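K.L.:
Residue numbers (the numbering used here), protein chains in the order written: chain A, 1 to 361; chain B, 1001 to 1504.
Don't read these hints as lab results, they were simulated from the structure. Any given hint could be a false lead.
[Said to hold, decoys possible] Straight-line alpha carbon distances no greater than 30 Å define the calculated DSSO-like cross-link-like pairs of lysine-lysine that follow:
| no. | chain 1 | residue 1 | chain 2 | residue 2 |
| --- | --- | --- | --- | --- |
| 1 | B | Lys1278 | B | Lys1240 |
| 2 | A | Lys232 | B | Lys1136 |
| 3 | B | Lys1267 | B | Lys1136 |
| 4 | A | Lys139 | A | Lys232 |
| 5 | B | Lys1186 | A | Lys232 |
| 6 | A | Lys231 | B | Lys1267 |
| 7 | B | Lys1278 | A | Lys232 |
| 8 | A | Lys81 | A | Lys139 |
| 9 | B | Lys1186 | A | Lys243 |
| 10 | B | Lys1200 | A | Lys231 |
| 11 | B | Lys1315 | B | Lys1200 |
| 12 | B | Lys1186 | B | Lys1216 |
| 13 | B | Lys1186 | B | Lys1200 |
| 14 | A | Lys243 | A | Lys232 |
| 15 | B | Lys1367 | A | Lys141 |
| 16 | A | Lys231 | B | Lys1136 |
| 17 | A | Lys232 | B | Lys1315 |
| 18 | B | Lys1389 | A | Lys231 |
| 19 | A | Lys232 | B | Lys1216 |
| 20 | B | Lys1367 | A | Lys81 |
| 21 | A | Lys243 | B | Lys1315 |
| 22 | A | Lys141 | A | Lys243 |
| 23 | A | Lys141 | B | Lys1136 |
| 24 | B | Lys1367 | A | Lys231 |
| 25 | A | Lys232 | A | Lys141 |
| 26 | A | Lys139 | B | Lys1267 |
| 27 | B | Lys1273 | B | Lys1240 |
| 28 | A | Lys141 | B | Lys1267 |
| 29 | A | Lys243 | B | Lys1273 |
| 30 | A | Lys139 | B | Lys1136 |
| 31 | B | Lys1315 | A | Lys231 |
| 32 | A | Lys232 | B | Lys1065 |
| 33 | B | Lys1216 | B | Lys1065 |
| 34 | A | Lys139 | B | Lys1367 |
| 35 | B | Lys1389 | B | Lys1216 |
| 36 | A | Lys232 | B | Lys1367 |
| 37 | B | Lys1200 | B | Lys1216 |
| 38 | B | Lys1136 | B | Lys1273 |
| 39 | B | Lys1267 | A | Lys232 |
Computed from a predicted model, the values in this text were never measured in an experiment.
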Amino acid sequence: MKKNLAISRAALKNSSLVISAAAMVISMLISALIMAICGYNPFEAYSAILTGAFGSLRGIAQTLAQATPLIFTGLAFAFAKKASLINLGVEGQMYMGALGAALVGITDLGLPAIVHVPLAVLAGFLFGAAYAAIIGGLKVKFGSNEVVAGVMLNSIAGYFINYLLNGVLLAEGSSVAQTERVCQTARLPRIFSSYQVTIAVFLAVVVCIAVRWFISHTVLGYEIRSVGMNKKAAETAGIHISKALIVAMCVSGGIAGLAGANQVLGVDRRLISDFSPGYGFNGISVSALAADNPLGVILAGLIFGILRAGALELNRSTGIPVEFVDVIQAMVVIFVSAPLMIRHMGKLTRIFRKKPAGKEV
Amino acid sequence: MEAVQMRSITKWFGSLCALDHVDFSVREGEIHSLLGENGAGKSTLMNVLYGMLPCDEGEVLIHGKPAQIRHPSQAIELGIGMVHQHFMLTPVMTVTENVIVGGEPVNGPFVDYRSAVRQVQEMIDRYHFGIDANTKVQNLSVGEQQRVEILKALYRGANILILDEPTAVLTPQEVQELFAVLRDLKAAGKSIIIITHKLKETAAIADRVSVLRSGKMIDSGLEASRCSVNDLALMMVGRKVDLTFTRRSQCVGQVAFEVQNLNLAVKGVPVLKNLSLKVRKGQILGIAGIEGNGQTELIEVLTGLRRPDSAVILKDGKPFSGNASDFLTAGVGHIPEDRLSRGLVTPMSIEDNVILGYHRRPRFAGKGIRRSADIRAFADEKLAEFQIKAETVQTPCSALSGGNQQKVIVARVFSEDPDILIAAQPTRGVDVGAQEFIHNRLLDLRDEGKAIVLISADLDEVRRLSDRVAVIYDGRIVAENDHDVWDEMELGLLMTGGKGGVTA
Ligand SMILES: Nc1ncnc2c1ncn2[C@@H]1O[C@H](COP(=O)(O)OP(=O)(O)OP(=O)(O)O)[C@@H](O)[C@H]1O
Ligand SMILES: [Mg+2]
């Protein structure tokens, strides 16, 4: 009896699931407080979010549409994390992936959709991977910090694409910086004809499962994990550290590229300048909430998808700004990365609960 | 008067009962040796005393007063100091900074670094620790780092000092020096708890002995003078252990591995100077030396982790070079000297660690995919064969006791049946039962005709197992001879650079 108690208590304390759930709940509570201080009714807000996200087919479609890029970017971040790399270049890699998908997508190759779509998606993956390879290469060759390199390359990707969109790639007669529409044969099919969610949401789930499998069942995944947790031991074991780092970076970038491909081939059906409201950085929150677990990313992506979809609705019905979802996201990162804070909060509540502090077993 | 009284301490790790109603007490002014097999719960008990781990049941009294120790800072306030089995130093900081952290002398709002250096250097000199208060810890050898740990505890005014396997990394001379310090401290009324697997040391220094086995206190507070080393071994592992056992090589063959004129400079400082050595099939070459005389770098060169500036390496008479992976594939096994930094990826499971370095072998992987079931079966087998104390092979290595971590590494290397084995500190931190086991396996391997280079700070180990002994000093092999030519004192002298060695 006592033994079982000890097990469950220890399991509870250490489980990242508990920490993530607690972080989510606490963040939502604090956000509610902030909303109340700003003069909005938090109950109204959260119920509006829920009805917004689930109340209609449109809401559900919107939720999935919002979740898709978040799952990709969250997974991209989580994957790099396995090699203890902080890939802050996800945003740039996503843009490059979008470019790759667009280049293949707007070109009429005379191919049937069944070939053209995968080809364009693959181009998105490869462009993202290649762009991330630069960060990996800089790190391995010159020991440069991947965080700094990633942030710099984000700007470069943005400017580069804007340059192309205002020049060679600019759609004929368009006044906005965007490409021609992608060919019919290159479009990602939508699940509901009038909403933006595409079959890429399934691809996202499949990729998460594949990554999970890759990490635990392939030699390369094992080597990446080893390098991520102890470089010296990995070196001693004859593992090629540079190779593991570059592979991890490339796969991460490739997954980020898929987010871009979905945007181009499914959502906008063309490459538009500055299309991302910060999906790349939101990926950090998703990954944090998922405790860097690839399967957790699916769930975390959906949760943030719900919040975003609901918040869009909210904005329409109550006037509460969408940005407060960003507040929740930011807080989740803080709480997940500071699990001690949550534990201390847990202790506080325990003290309140039983004042005459009896000795704990 | 009892300095420490621990009553009915119980500690669970998940479903594993690490301490089961353990009573333990230490008198003021005594040196108390805590013995036990690997995973018996010694470190856990001391971590409870030091406030690093909460216990599930039981109470602690310090100098007769009940104490609630929930955090090391409270332990320090109560005058308890601890030197951990695995060091807890910040490598990029200096000795002084590491020692004073948490108790910095201040001058207004600033740390009075200059007087701190003076105080620390004074303590270093008083205890003959022979280090410079201004060096960065990352530039110190393992042995020196440990002295920094001891300094840290003394600096904070500890009068109850816990030493978790302090001698595992020290040479006999260093051990003698440490013991002199401990006797001084004892004379000053301090209480010392010392955990060690070297029973000779227990007999030499301890006043009383307590023995843990599988989380239970078997014997507590025995007079050390009334127990022989053999009694202690019997109490610890519950069977007779022969610690003097050895066999000599019956047939020494061709030279299997040879290094000629090895030169290596690290950051411009020559570390290995024209070093040559060779080991034959069916032979154990022991390398004796005080930590920090180039052993670490030598091991790195011998295992392909570091490229020498110049050297000829011959394997079976043919020139050989490459990286760590090439060395492993060519059958050069490696037991790293530092299990936590080089040996294991501690957050990973036992099954992942027990194949580390051999994970691409066909029996563990095919076409880039791991054979998970085979790996698990293999790990299960090793767990039983090497008596690694863990619940399952999925347990992360960070949850293993120090000795059991070492067994994971040893199991890994021995299972691969290497032609040449570079064994650095192979029995560091393992209990007498496991020492005997590992020694036997090393001898078996040699008798199968394998060549073994044994680098160890444990002179007994080197003298007992080696067929030939080489002494390394200041990056050179200063003497080499058959195992029985030098006695312990002569070896000790050679290791400190004394002359008189003959190389035959
Ligand atoms: N953090 C942990 N989580 C789970 N189990 C643990 C943890 N720390 C220790 N254990 C288990 O508790 C038992 C006692 O470990 P402890 O480290 O106290 O052994 P020890 O007597 O110090 O052994 P050694 O001589 O090898 O250092 C071991 O079986 C170990 O696996
Ligand atoms: Mg221990």
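K.L.:
If a hint holds in the structure, say so; if it does not, say that too.
P.N.:
Here is what the structure says about each hint:
| no. | hint | result |
| --- | --- | --- |
| 1 | Lys1278(B) <-> Lys1240(B) | 36 Å, violated |
| 2 | Lys232(A) <-> Lys1136(B) | 20 Å, holds |
| 3 | Lys1267(B) <-> Lys1136(B) | 15 Å, holds |
| 4 | Lys139(A) <-> Lys232(A) | 17 Å, holds |
| 5 | Lys1186(B) <-> Lys232(A) | 40 Å, violated |
| 6 | Lys231(A) <-> Lys1267(B) | 21 Å, holds |
| 7 | Lys1278(B) <-> Lys232(A) | 27 Å, holds |
| 8 | Lys81(A) <-> Lys139(A) | 15 Å, holds |
| 9 | Lys1186(B) <-> Lys243(A) | 54 Å, violated |
| 10 | Lys1200(B) <-> Lys231(A) | 37 Å, violated |
| 11 | Lys1315(B) <-> Lys1200(B) | 39 Å, violated |
| 12 | Lys1186(B) <-> Lys1216(B) | 28 Å, holds |
| 13 | Lys1186(B) <-> Lys1200(B) | 19 Å, holds |
| 14 | Lys243(A) <-> Lys232(A) | 15 Å, holds |
| 15 | Lys1367(B) <-> Lys141(A) | 29 Å, holds |
| 16 | Lys231(A) <-> Lys1136(B) | 22 Å, holds |
| 17 | Lys232(A) <-> Lys1315(B) | 25 Å, holds |
| 18 | Lys1389(B) <-> Lys231(A) | 26 Å, holds |
| 19 | Lys232(A) <-> Lys1216(B) | 37 Å, violated |
| 20 | Lys1367(B) <-> Lys81(A) | 25 Å, holds |
| 21 | Lys243(A) <-> Lys1315(B) | 28 Å, holds |
| 22 | Lys141(A) <-> Lys243(A) | 11 Å, holds |
| 23 | Lys141(A) <-> Lys1136(B) | 27 Å, holds |
| 24 | Lys1367(B) <-> Lys231(A) | 24 Å, holds |
| 25 | Lys232(A) <-> Lys141(A) | 18 Å, holds |
| 26 | Lys139(A) <-> Lys1267(B) | 22 Å, holds |
| 27 | Lys1273(B) <-> Lys1240(B) | 45 Å, violated |
| 28 | Lys141(A) <-> Lys1267(B) | 20 Å, holds |
| 29 | Lys243(A) <-> Lys1273(B) | 33 Å, violated |
| 30 | Lys139(A) <-> Lys1136(B) | 26 Å, holds |
| 31 | Lys1315(B) <-> Lys231(A) | 28 Å, holds |
| 32 | Lys232(A) <-> Lys1065(B) | 46 Å, violated |
| 33 | Lys1216(B) <-> Lys1065(B) | 24 Å, holds |
| 34 | Lys139(A) <-> Lys1367(B) | 29 Å, holds |
| 35 | Lys1389(B) <-> Lys1216(B) | 15 Å, holds |
| 36 | Lys232(A) <-> Lys1367(B) | 26 Å, holds |
| 37 | Lys1200(B) <-> Lys1216(B) | 23 Å, holds |
| 38 | Lys1136(B) <-> Lys1273(B) | 24 Å, holds |
| 39 | Lys1267(B) <-> Lys232(A) | 19 Å, holds |
In this structure, the earlier hints numbered 1, 5, 9, 10, 11, 19, 27, 29, 32 are contradicted, and the remaining ones agree with it.
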